[in-house]
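Just need the whole structure built from these sequences, with the hints factored in.
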Amino acid sequence: MTPAWTIPSAFAGALLVLLLPARMAGLSRVIALASAILGAVAAGSSCLARLGAPDAPVWSLDRPWIPAFGIRFHLAADGLSLALILLTGIVAIAGVLFSWNVEKRPRAFFAFFLTIIGGVYGVFLSRDGFLLFVFYEIVILPKYMLIAIWGSTRKEYGAMKLTMYSIGASALILVGLATAFAASGGTSFDLAHLAAASYPPALQAWAFPVLFLGFAVLAGMWPFHTWAPTGHVAAPTAASMLLAGVVMKLGAYGALCVAMPLFPQGFDQWRPVIAALAVIGILHGALTALSQKDLKFVIGYSSVSHMGFILLGLAAATHWGLRGAMLQMISHGIIAGLLFGIAGRVVYERTHTRDLAALKDFDLWKTLPGAALGFTLATAASMGLPGFSGFVAEVSVVIGLWQAWPWLVLAVALGIILTGAFSLRALHKAFFPARNATDPAPRALPALSWPEVSAIALLILVSAAIGIYPKPWVLLIDDGLRSPLFQSILTKP
Amino acid sequence: MTLPFFILFPLLGAVLLAFRRGAGAQGSGRFAMIWAAAALAWAGMLSTSAEVWSLPWIPDAGIELRFRMDGISFLFVVLTGLVTLIALAASSLSRKGDRAYFALILVLESALFGVFTARHFIPWFLCWEMTLIPAWLLIRLWGGAGASKAALRFFIMTLGGSAFMLVGFLALQLAVGTMDFDALGKLAAERVIAESLAKAFAFTGASGHTLLTLVALSVFLGLAVKLPVVPFHAWLPAAYAEAPTPVTMLLTGLLSKMGVYGLLRIFLPVFPEVLPSLAPLLSWLAVATVLLGAVAALAQTDLKRLLAYSSVNHLGYCALAVAAVAAVQTDRAAMSSAIAGTILQAFNHGIIASALFFGIGVLENRSRGQRGLNDFGGLRARTPVFCGLFGVAVFASLGLPGLSGFIGEFLIFNGTFALTPAAASVSVIGLLLTAVFLLRAIRKVFSGPLKPSLAKWADLSPAERGVFGVAILLIVVPGLWPQSLLHFANPGIVQLLDLLSPIP
Amino acid sequence: MQLLPEAVLVLTALVLLGVTVAVESRSGRAVSGGLTLSIASAGVLLALLALFRVPAEGGSGTPLVAADSLARWTKGVILSLGLLAVLLPPAKREIANPGEFHALMLFAMAGLLLAAGTNHLLLLFVSLELASLSLYLLAGFPRTARASEASLKYFLFGGVSAAFMLFGLSLLYGFSQSAMLPVIAAKLGAAPDSALAMAGLLMVLVGLGFKLAAAPFHYWAPDVYQGAPATAVALVAAASKVAGVVVLVRLLVVGFHAASGSAAWGGMAAGWSLWLAVLAAVSIVFGNILAIAQTSVRRLLAYSAVANSGYLLVGLCANGRSAAGAALFYVVVYGLATLGALAVTAAVEREAGNDRPESFAGLVRRSPWRAIALLVFLSSLAGIPPLAGFFGKFALFSAALAESAESGAAGLVWLVGLAAVMSAVSLYYYLMILKQAFVMEASPSGEIQTHGISPAHALAVGLPAVALVVLGLVPSLLLDPITSALGELLAAR
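Residue numbers (my numbering), protein chains in the order written: chain A, 1 to 493; chain B, 1001 to 1504; chain C, 2001 to 2493.
No wet-lab data here; the hints were simulated from the structure. No experiment lies behind these values; they were computed from the predicted model shown. Backbone N, C-alpha and C fix where the C-beta goes; we use that ideal spot for every residue, glycine too. No incorrect hints appear here.
Pairs of lysine to aspartate or glutamate, EDC-like flavour, derived with a Cα cap of 16 Å:
#1 471/A <-> 1060/B
#2 2435/C <-> 156/A
#3 471/A <-> 1064/B
#4 104/A <-> 2441/C
#5 1456/B <-> 1364/B
Calculated from the model, a selection of chain A residues having no Cβ within reach of chain B, i.e. all distances over 10 Å:
#6 11
#7 16
#8 153
#9 223
#10 271
#11 362
Just a sample of chain C residues kept apart from chain A, beta carbon distances all over 10 Å, derived:
#12 2004
#13 2069
#14 2162
Here's what the structure looks like:
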């Protein structure tokens, strides 16, 4: 199975789901699950294949499409893409499982969900700037629909804010890509070609921030991140998982594989600014999370903080830094999925509240021990405790940072401590509240269903697997970083 | 090859417990004890094997999970097994805890096994951090009224310290390309680490010595919070007091030993180049720890807090010894004495503290939670066996010759007086103060008129006698025959000395 | 022979009028709308067939008519769009005096066809006037107050702009002693700084700006879009715009190439390129900003038309083959999308009585196909992939940058950046409508009933939707003929 199976499996799934007659609407979740599994299996087998034959040429599919503009339908799967599509596959499966009980308009829900998955696969596999942009934009409307129709807190506002930020950022990407196209001779949109062209430094000085900002907004870079907590909280669980877990990574991936290689001198000039904004994002996100009253908002802000690590790794521009950024992309994708899944699906469905003070009455570790265990492990992972994926990522980013700006490491250490603080606060308030003997006994809650258990188990096992044995992932990432695209960026090995 | 299985064995027990839905508190307690006993037995069998095991992570950066068992590790591992078993027994006897509680203790045991056998920073750190959440939960969920706050402070301070430790080690990874303790030790012996740091961070313009000092301090910070060393001890009194007594046993008996072990295994071997310049700071911090621990204990009326501060004091001696070794590296005999003393003090204090807290647990059980100094009196009449056994433990803690507590302190002072006489002299005050508050405690609890509320008290039950008895045995035997412990520690001590002051 | 399609149209119109008179005088009742519609459609189809019979090259016999591929292509497009416009009404009995109505439509189309196929300025003016007069009358057909006001405004504005245009044409004639574009181009090549020619051109551009509804000449548009019958608006929005753009291409890119000046940032030079850039910027900003506040969907579409004119002008001011080609592609795609949107709006108006966005509420439930078609149309207008509108915008901006890159590194980036960002903003108001259609539930008061739709209307909705999807995936289908037609044109100059 080649990676090419991932994109059609998602879109075909979406189409099939839409075509189901109304009385068979319940089948939509089965089809969605099958589609997600198919995509994940394709991704997984491709990863294994690549690990088994690291010196073979990278899989690619290259067909002419719009010759007038030099646009080709060019997909390729190097280590970076493979790792990210595997992440997407896993999060997709978990997302479908967490949405097993969607009652309202399930066909439309899963159709939008699968469309987003398909678009994400497409971005990670594209090697043509236009093609990448097409996939990047395809997810915008389904994102809006998922939040506006199935969301909760202030869903219309959240949906619109998220969508407008997304499309505004895309406008910047469009300008950046078109500029690169124009300045490289206007013959081709192929990313390798665009990256190989040399642009005058004056052009790069403004073109890089425009292009990078377009991607960085989607990656939640401070101060353009405010759409993220609002949007993710408003979104239904599966959408939050997708959005925070995978779609935000589109921004980081674009920054790494498009913005930085295209305008390396511009990147070099703007690196300190990116690093500064990333650090502010880490600290600001953590501090804000510390004061939130709504559990989902804590997770939302924690996502902003974690994405800051990714951007910091990118800004460090050393091999360790980029490796750390990629590892954090994968790790946070899983962990965000887990946190939103448990908070949104398992807890909110049963208690109908996410308010930390209100959850005290439920004494969740007694009434939902499975959820408490899951969330505890997820919190451990989110804090970067060793044994889970976040730790490996953090270690790599810090080493990369030591090479670039040692004094920023202090800020990172502070960020780690703050992350521990807010994570623990949320964990203890929500799941292990301090209760007096006089408090009324909590009422029993329905136990976890098998889809919920499977999803939680899947995500925890993956995070632990990465945390205990990161070697295959590191190999994939290093394979991707060997590409000539990154040679001009890396300042140090 | 069996090492990873050994380390994971308690964790497996915890997982099994998690799935045994029907098991009640008693059943879970029994299961956990049997499992811990098996682990201890296995630990005993590992003694002669010097095993190694590794799992690569990021091969081209030399990052791997590597574990090895040697003499010093063996002692700490056995200590872990013993204290865990005692704590589990205490929990069962006091009817404390449920399935989750016992599972968490087993998880903690696994983490500790890992810490004491890790040979590379990454597995060390992994297991170090793995103790955080179980300890936090144990304190918080089964603790007293102020447990929330105490648990949180414990967690945050430990996390904070370890963040710095992590960051420091990653700088080393960058500079010399390895975080393996043995490899780092060899490099340190060749005295090349400072130069490598200077080279790697050339763009900062700082000297190698300065950089290495910064790294050493950051590593020390992590260890200092655990030990604890004043002023990073702020989490300790509340945590020890609020935690359920068996958990306090674990905290004082084992978790603090992580700090001691770290000092011996990491701090001394890796940073000999800067140890002399750091030594004064370390000495004074150690002295402060010793004195503050003792003085504060003197002022306590809560028995648990009293013992908590006493622990701070006793572990301060370990810090003192390490500081002394850091200061002067030419007197092998003195260094050997100091280090041996540290190891023995660690081991013995673990047992003694467990015994003491077990005693407090007995008091708490019978008095429905009271543990103030003034709540008891004249118990000797009612519970002579208890008084006797508890008295032995107290005297061991005092450092009475013939009991295990003596040798550790003796060796430490023996070495320290030769290396840093000033610090040693001041610390003697600690010994005196310890005697004062411990004797006072005994007097208040056991002598004097019998308090009316205690009139109906029964003496130790057979089970309690059994547990207490075993602990006392473990106190008496090494006291009379220190070689039983030193036999295991000696090869490791020699190795450490070779790194610190290589024989030309 | 060249004018066969126009002749067919005129004949059909006359036949239609005759039939109307005959039927009405015989039976006393009004002629049926269905009959006139059928005759009109048949006429347009015949004209299309006739177009294929017209020989491709060779002299036309008269210098008035240009016999190039661009003319053929444009006529084909106008006829197709006109056919769809004719088929548009949701029900048969909507218009009083359908005979005259359809006849006027045919006349308007004939005028547009003539305008598209000539290089002679006077014929250009006459044919544009033919079209305009027909359109003024069409706008006022419903005899409502609103329609009458719209028609009057249209007429007054149109009259003034016609005057400007005529004056400008006379100046041009004065400059070159000829009304033929190629001759003017040659004369201009010899004397590029002629103030007379530039003045004339400026006035002509004012006239054409009105036709295109570019700001600040757009004031007629909102009232006309709102008051006129949907069919007429469709013709205005789609066919008339195509003709307008083609005229501009001939005029500027061919005729006045030498006087283009430059709108590049940092290298601005007086010339029509600069004027168009200013016009574009004003249109884009005005159109998008004013659209946000609209409560009538038709008026919203009018302001959208203004904004889209702006985008088109961006392409034209780049003064290159690729950009002009992209502009032509875009105007067709835009025409299809607006036509389709108007068709759906007309149907909703009929059901709900008004065209407020709230009337669309729950559209996806009561007529799912129409809702999906609306999604296609509005997404295409907003520039969401994989629809044709996205590619159109992308191509427009990329080509504009590429072709202005010669005159300076930054070139038209300022304009393209503005256009891209404003285009992102436009998603906001399109989403407002889509939100009603997909997210909101219909109000339970039941004032919205679903009527049946005629097959003609279904075609008018379905064909553009399918076309937009297909062209989005394979834009070369449309782009290649444009490129070759332009190539031929530019080679000849």
